[in-house]
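Chains V and L, in that order, give the protein sequences.
Take the first sequence: its letters are residues 385 to 754, numbered as in our numbering.
Take the second sequence: its letters are residues 94 to 386, numbered as in our numbering.
These are computed hints drawn from the structure, not numbers from a lab.
We treat Cβ as the ideally placed atom computed from N, Cα and C, and that holds for glycine.
Treat the hints with care, since some could be wrong.
A short, non-exhaustive set of chain V residues, derived as facing chain L with CB atoms under 7 Å [as the list claims (entries may be wrong)]: (1) Ile523; (2) Phe527; (3) Pro699; (4) Thr724; (5) Gln732; (6) Leu735; (7) Val748; (8) Leu751; (9) Leu754.
Pairwise CB distance ranges (calculated) [what the hints assert, rightly or not]: (10) Arg563/V x Gly329/L: 27 to 33 Å; (11) Asp404/V x Asp215/L: 55 to 61 Å; (12) Lys625/V x Ser285/L: 48 to 54 Å; (13) Lys737/V x Gly305/L: 43 to 49 Å; (14) Ser679/V x Gly153/L: 20 to 26 Å; (15) Arg517/V x Gly305/L: 37 to 43 Å; (16) Asn165/L x Met722/V: 26 to 32 Å; (17) Asp716/V x Asp178/L: 38 to 44 Å; (18) His706/V x Asp215/L: 36 to 42 Å; (19) Lys743/V x Ala158/L: 35 to 41 Å; (20) Gly329/L x Arg517/V: 30 to 36 Å.
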Amino acid sequence: MESDRGGRMVRITIDGVQLDVEEGKTILEVALKNNIYIPNLCYHPNVSPAPGKIADEIVYRNGERYQGVEGEYEGCGLCFVIADGEIVKACDTPVRDGLKVDTRDERAIKERKSNLVRIFATHPHVCITCEYRNGCDRIQCTFGYPVEERCCDLFSKCELRFTAEYIGIPPETPRYMYRGLPVVEEKLYKWDWNYCINCTRCVRGCREVREANALGFVIESSAGNVIVGRTAQTDVESGCKFCGVCVEICPTGVVRDIKKKASNKWRDSIVAKKLPLLTEALELTPESVASLPDSPGVFRLYDENMEVVYIKGTPNLREELHSEVGRAAYFDYEEHEMYTMRESELIQEFLQKHGRMPKLNDEVDDLFDL
Amino acid sequence: MVTVQESEYWRWPESIWVDESKNWQDAEVISCGIDLGSVSTQAVVMLDGELYAYANMRTGTSSAASAEKAVNAMLEKIGDMKRDDIHYIVGTGYGRVSIPFAQKTITEIACHGRGAVYVYGDKVRTVLDMGGQDLKAIKVDSRGKVINFLMNDKCAAGTGRGIEVVCDLLSIPITEAGQLSLQVDEEPEPVSTTCVVFAKSEILGLIRKGWGKERILAAFFNAVASRVVELLERVGVEPEFAITGGISKNIGVVKRIEDKLGLKALEPKYDPQLAGAIGAALFGRALYIKSKK
Numbered sequence: 385m386e387s388d389r390g391g392r393m394v395r396i397t398i399d400g401v402q403l404d405v406e407e408g409k410t411i412l413e414v415a416l417k418n419n420i421y422i423p424n425l426c427y428h429p430n431v432s433p434a435p436g437k438i439a440d441e442i443v444y445r446n447g448e449r450y451q452g453v454e455g456e457y458e459g460c461g462l463c464f465v466i467a468d469g470e471i472v473k474a475c476d477t478p479v480r481d482g483l484k485v486d487t488r489d490e491r492a493i494k495e496r497k498s499n500l501v502r503i504f505a506t507h508p509h510v511c512i513t514c515e516y517r518n519g520c521d522r523i524q525c526t527f528g529y530p531v532e533e534r535c536c537d538l539f540s541k542c543e544l545r546f547t548a549e550y551i552g553i554p555p556e557t558p559r560y561m562y563r564g565l566p567v568v569e570e571k572l573y574k575w576d577w578n579y580c581i582n583c584t585r586c587v588r589g590c591r592e593v594r595e596a597n598a599l600g601f602v603i604e605s606s607a608g609n610v611i612v613g614r615t616a617q618t619d620v621e622s623g624c625k626f627c628g629v630c631v632e633i634c635p636t637g638v639v640r641d642i643k644k645k646a647s648n649k650w651r652d653s654i655v656a657k658k659l660p661l662l663t664e665a666l667e668l669t670p671e672s673v674a675s676l677p678d679s680p681g682v683f684r685l686y687d688e689n690m691e692v693v694y695i696k697g698t699p700n701l702r703e704e705l706h707s708e709v710g711r712a713a714y715f716d717y718e719e720h721e722m723y724t725m726r727e728s729e730l731i732q733e734f735l736q737k738h739g740r741m742p743k744l745n746d747e748v749d750d751l752f753d754l
Numbered sequence: 094m095v096t097v098q099e100s101e102y103w104r105w106p107e108s109i110w111v112d113e114s115k116n117w118q119d120a121e122v123i124s125c126g127i128d129l130g131s132v133s134t135q136a137v138v139m140l141d142g143e144l145y146a147y148a149n150m151r152t153g154t155s156s157a158a159s160a161e162k163a164v165n166a167m168l169e170k171i172g173d174m175k176r177d178d179i180h181y182i183v184g185t186g187y188g189r190v191s192i193p194f195a196q197k198t199i200t201e202i203a204c205h206g207r208g209a210v211y212v213y214g215d216k217v218r219t220v221l222d223m224g225g226q227d228l229k230a231i232k233v234d235s236r237g238k239v240i241n242f243l244m245n246d247k248c249a250a251g252t253g254r255g256i257e258v259v260c261d262l263l264s265i266p267i268t269e270a271g272q273l274s275l276q277v278d279e280e281p282e283p284v285s286t287t288c289v290v291f292a293k294s295e296i297l298g299l300i301r302k303g304w305g306k307e308r309i310l311a312a313f314f315n316a317v318a319s320r321v322v323e324l325l326e327r328v329g330v331e332p333e334f335a336i337t338g339g340i341s342k343n344i345g346v347v348k349r350i351e352d353k354l355g356l357k358a359l360e361p362k363y364d365p366q367l368a369g370a371i372g373a374a375l376f377g378r379a380l381y382i383k384s385k386k
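Bound-form chain V, shown alone:
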């Protein structure tokens, strides 16, 4: 059998689901394509896999020199799965005929968690791990954590956060201590290295998408840590072409466009990454709705692409959702006594993330001009 692009097709199984996929693709690629989520962070669809990339000799942060030793980056270690009984990185393992993949194996989950702990040791995370993260206005911290330990303003769309929520935050996660790493203001970009998890995505983006080589990484001799930085003291000297790919590809909040320059073709060539759902959605059918509690709460409707299209609070979830059948493909809900307030909170969360109201919440739109 051949794929539409001419590659040979092989038959594999992921979590018991049989799939016909293109030979030569990685386990992670084919899983995501078939809507099976495997947590990942250093992977990005526009660049080659991270594991095995050779370290540079020197990088710079704010002109400060970081000398490295010979070595290679092993990857973020969040995409571990079991393939034919062996624990492997899904981003770096090609599929082969008859391969059996288990993404939910205990061994793989344990490995992901221990690597997540390692990432969180040097990245602010009180907001990601906070019990009140969903309703919080993130202006004042109820628990009094200093600003440096809190998450940045990209919280609502932070890829690290989404991935961490999926994996589950391990209880052994240590407290983050602010390290006062360089904050660099260049001509167009601002780099706050305190947020860097050294996943090398920007390095590969800079090299492979723009072929600029303005960013690199070294391996520290002492602890073997990876450090990402500029390949020369300044942006211009490093060969930066100011394309903004680094801004677009960073999974956290390290690099920002100071001037908020309009998009360019390099920037636009970076596609959005598939993120895990933070909630389990159900299919919106009369059968699934019939088993809901007839108690107060809030529900969200999703379309086929799992985009939230409607958020509503109601005194009776079962009754209200019954009347919504046919308006959307999926839904999720939570029981909540203060449902009108919770509804506002969820709409606010959506607005912060998308800059507009959910499509069907805009239903009053035609009532303005009558």
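Please build the complex by placing chain L on the supplied structure of chain V, with the hints as guidance.
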């Protein structure tokens, strides 16, 4: 009427009003909006999209009864209008789904946005709704359609209820607190928290220290204003900006917000506490027209 006891300094006056110059029988569409908030309930009647009558009452322990009370008080003031004469009733506010006679409910965010344009004119872009239990910063377009909004955390800090508690504590009628707070020679440092519980003990401490009531109010309102300005700056303040909700009547808070922002709030054409109910009534009118098409 309830007899107001002297000790209840938090009690703000209820009000009922009708535009005697209009005859409601001439109107094509009679719509009603009810904003059932945590502390106050407003009901308005609009004739073809123009304000005709309102009642602004305290919310009691039952949402349904509070809505009923406000509507009945307003109808009584009008005299010959019955609830059945109203073509469309829309409910909004936290208690909106508990209004049994409302044909439809719409979120208070949408209603405050639209109502603000009626109360302040179509120049308004940023609406700060300072209610009994929450603060909302809303950005709207020229029609009053919500573009973005932010609200405070699950917490009544710096809200109307907080101000009620402080007034009670200082034995100052809530309607006079704003003016009093401006009678200080020098603006004191804000109290360290606007949390209703902690502010109470902090204020008791200040009383013991011998601070005057004016100075304590100034320190508290200063803290409330700081909290609000943080919220506004997060959503991005654009002049023209306006304040709706009960606290918009507190000159002490409004003045301090204006000073911190370096902006003057718009002057309302109508009682700004009515914005939510007015928005609801305007949506009600449109819904009625739509249903007849």
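### Task
Provide an ascending list of the numbers of those earlier hints which the structure does not satisfy.
2, 20
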